[in-house]
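Trainee: Here is what each chain is made of, one letter per residue.
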Amino acid sequence: MKLPIYASTGQKVWYYSFRVICGLIFFFLIAPILIIIPLSFNATDFFTFTPEMLRLQPEGYSLKHYQDFFTNSDWQNAMRNSLKIAPVATLIAVVLGTIAAIGLSQSHVPFRRAIMATLISPMIVPLIISATGMYFFYARLGNYMVGTIGMNADVVEYIKIVLAHAALGIPFVIITVTATLVSFDRSLTRAAASMGAGPVRTFFKVQMPLIIPGVISGGLFAFITSFDEVVVVMFVGSAKNKTLPWQMFTGLREQISPTILAVATILVVLSVILLVTLELLRRRSERLRGLSPG
Amino acid sequence: MSQTQGTQPFVLFDNVQKSYDGITLVVKSFNLGIDKGEFITLLGPSGSGKTTCLMMLAGFETATHGDIFLDGRSINNIPPHKRGIGMVFQNYALFPHMTVAENLAFPLEVRGFSKAEREDKVRKVLDMVQMDKFGGRRPAQLSGGQQQRIALARALVFEPSLVLMDEPLGALDKQLREHMQFEIKHLHEKLGITVVYVTHDQSEALTMSDRIAVFNDGIVQQLAKPADLYERPTNAFVAQFIGENNKLKGRVKTLTGDTALVEFADGQQAEALAVNCKGVGQPTLCSIRPERVRIGSQASLYATEGQVIELIYLGDHIRCRMSVYGDDSFIVKIPNAGDGTMLSVGQTIKVGWDKNDCRALDA
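So the protein sequences, as listed, match chains A and B. Under full-length UniProt numbering, think of the first position of the first sequence as 1, with each following residue one higher. Under full-length UniProt numbering, think of the first position of the second sequence as 1, with each following residue one higher.
Accuracy of the hints is not assured; some may be wrong.
Heads up, simulated PhoX-like pairs for lysine-lysine below, C-alpha to C-alpha not over 25 Å straight-line [as the list claims (entries may be wrong)]: (1) B:Lys-225 / B:Lys-190; (2) B:Lys-36 / B:Lys-278; (3) A:Lys-205 / B:Lys-115; (4) A:Lys-205 / B:Lys-82; (5) B:Lys-28 / B:Lys-278; (6) B:Lys-133 / B:Lys-115; (7) B:Lys-185 / B:Lys-124; (8) B:Lys-333 / B:Lys-355; (9) B:Lys-121 / A:Lys-205.
Please keep in mind that the hints were generated in silico from the structure rather than gathered at the bench.
In isolation and in its complexed conformation, chain B is listed as follows:
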């Protein structure tokens, strides 16, 4: 990749590889450009290499191969403490022997701010995370959520332009986590900082990010906006990892333009949107979101017959497991519209979907 100034993104991973033992690559070939002010999430299951990428950006791991650029400069040879990147750690990493105010003043002290400036900035940042009364406490005297806020404040107090977050909400309960997601999102918008966020929680990624890089097996499977990622996954892993998904195994019969005719296990055929299928005669996996499936009279296009196997009442919707194209784990979400559409187990009903919602992916 060329290094022309001005056109280069704020953070750039250029063909970065990482191996701990010299044999297996944890990160195989990582290319990512992050613009100033963007909120990027690295999402993936544990062991997918996402945290390693974050640690390489922070400087705690060195890249085995490739370059990382920050603001147009290669930072491979810059030690972590000279990179000026704020970081929020999974376990908060607050200094237990210092009070909250001392924790927050630490990065300012390092940078040689005067006492008055330090106190002023600490007060402002405590205000920002709504913890202004807790400056004199020690971290052990705070709850998990409060410690989280202080860790966030400490990463922001020295006004870095780039902040890294390594699963910062992992230890909080669900309600608090959702609350903090919005708070981090709002802080990001307010301060205009660039955030690189690591998580394995897909709903967290969808809620907060401008763009998401889905990791698996050391490579980025897809880099896209949250909506694109959900609506238009480009491979089977992403389709499966983001949200719930029906996977119909089949074989490509014919391929015309972006339409693939797929033959399923029971011999039936249907058209699907060819996204990532290898060619005629090759196996493919058709992905359909459960909420995009229509049943009964609403099922118009590409309709087939399905047999109801199981019904689960969930209040706002009813989960219906059926047998479609010989696959017994086909899920349909039926909204509870109150119109009296009642199904019964064993019933055979028409099932259909829009051709574009059935995506033929790699198998």
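This is chain A alone, in the form it adopts within the complex:
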């Protein structure tokens, strides 16, 4: 927005200070994340910028922390666990959240608001409280599954974490899918029915392709929730199922190894790639649907 020619002094002052404020907000949001990237190439084992680094000398930098991440079995285990838990938890959250959102958007469902509030409560209730509740709930359930049914303790533990993470992810899916459903034209499902399509075909061929952007971004939030989550997993899981955030937390508390910085950098890069890919996909699908000009 350009400053109009008739702007008063006050407006001019605000015009420039507004830009300064915006710049500061961006700086405070992004600087803490960016600062870890050069630090992760640190040649020493401390969280500091060495004089060599500041002088930009090559000997001040190294990839040893990245090497540590890719060779250390603790980190590799944590990575594997995270990758085993997050996608499955996301899948469950997406399926259940989408179905719930579609159901709750029908006007004839009784107590819609109450049900909606209950389903999104994991997002509102402080995590430590959810985690405590889940601990007691899943302890009983786990004991039953291992003791009475005789299931493998490791498998039970995995199921417990996946279910707990799915419950945390569902609110995000419900919110994003509900938002896309607002713009979904109900007469399209009627049109499909008038042409002979049953409810299942109508859902997959007509409704799903149109609400997919909401489903995907909900899934992305659910994935990140599970991938970043440290509190619930510490309550519900055991050391065998240590996830990446848990390992980072341990690393910070016990050894303050700069490997954490390397991991953080990798995660930041991965997140950026993920978001950019999704945005490109979303634009492509919008263009295909003719919603925005090519």
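Guided by the hints, dock chain B onto chain A, whose structure is given.
Mentor: Positioned in the frame of chain A, the structure of chain B alone reads:
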């Protein structure tokens, strides 16, 4: 109503009622038989229950009471997707994520047609609505009129014997709407399909329909051919809703055969055709079409005096508002014949009409 086969119409509404809240009836008692190949229009103001009736036939609403028969079978318990009825929606309801050709192929795909058959039928139906070059476009890249044609084509492509249309031309401009009216009419004649059409536009209904059911307040006020509806309305609502109309309030003095002697507000009396007046001493509303009123030397029968209040020049005719029988909103359409019949405001002139054109209706 009996359910004897063969004599039963193609579509039959048998005493259908609908209530959304269990208290007020949106559709009070709907009886309608539609023959094969007929073009029926449900006409009425918004909230009159016409769309609800259409939705019940399509299966998107369930009847609270009564039965709907299609081809001799009760369809109350058949879900919409198994009824095989084509439908054109008010907002077209084209699938935005599919191309025009994919939209048209959708009902064929559902019915398990092969790819070659689908392509063949899609091409034919695109030809039929003169959109053969648009198969690869998406609905968002089409104008309103083009989307309308595609919606029409999509409802016809699987060759249903019954097609429902819910105010399909409502969003088009006047010229395009009139053009599409003729096109739909011609398609109906060519394909021999049965059409149930919903609209609130009376001229649209008169142009297109074989028969029109005028709805108000949840009941059918009159079911008749367009000409009958205009010429011989059976109650005050229909007379008022279809076309322009003069309404003279009066009271029935005597009733002999089909002739009622009506006394008007200013004490004058005139004879009218008794259509729907309740009896001697009861209030009545006399309806006369503005174009049926004769003035001056042409006014022979049932003549009275009228005073000109306002004259509006409209080119092909002149609208004249006058005071007749104490009613100041009496309109007369005077054709602009160029014979120099010039009126002036304030002038008192003889006004008359044929007895049969003055219809005594319910008040």
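Trainee: Take the hints in turn and mark each one as holding or not.
Mentor: Okay, the hints, checked on the actual structure:
1. B:Lys-225 / B:Lys-190: OK: Lys-225 (chain B) and Lys-190 (chain B) at ~20 Å, within 25 Å.
2. B:Lys-36 / B:Lys-278: Roughly 37 Å separates the two Cα atoms, so the pair is violated.
3. A:Lys-205 / B:Lys-115: 17 Å, holds
4. A:Lys-205 / B:Lys-82: Holds - the C-alpha atoms of Lys-82 (chain B) and Lys-205 (chain A) are around 18 Å apart, at most 25 Å.
5. B:Lys-28 / B:Lys-278: Holds - the C-alpha atoms of Lys-278 (chain B) and Lys-28 (chain B) are around 23 Å apart, at most 25 Å.
6. B:Lys-133 / B:Lys-115: 19 Å, holds
7. B:Lys-185 / B:Lys-124: 19 Å, holds
8. B:Lys-333 / B:Lys-355: 18 Å, holds
9. B:Lys-121 / A:Lys-205: Holds, at about 21 Å.
Checked against the numbered hints above, the structure breaks only hint 2 and satisfies the rest.
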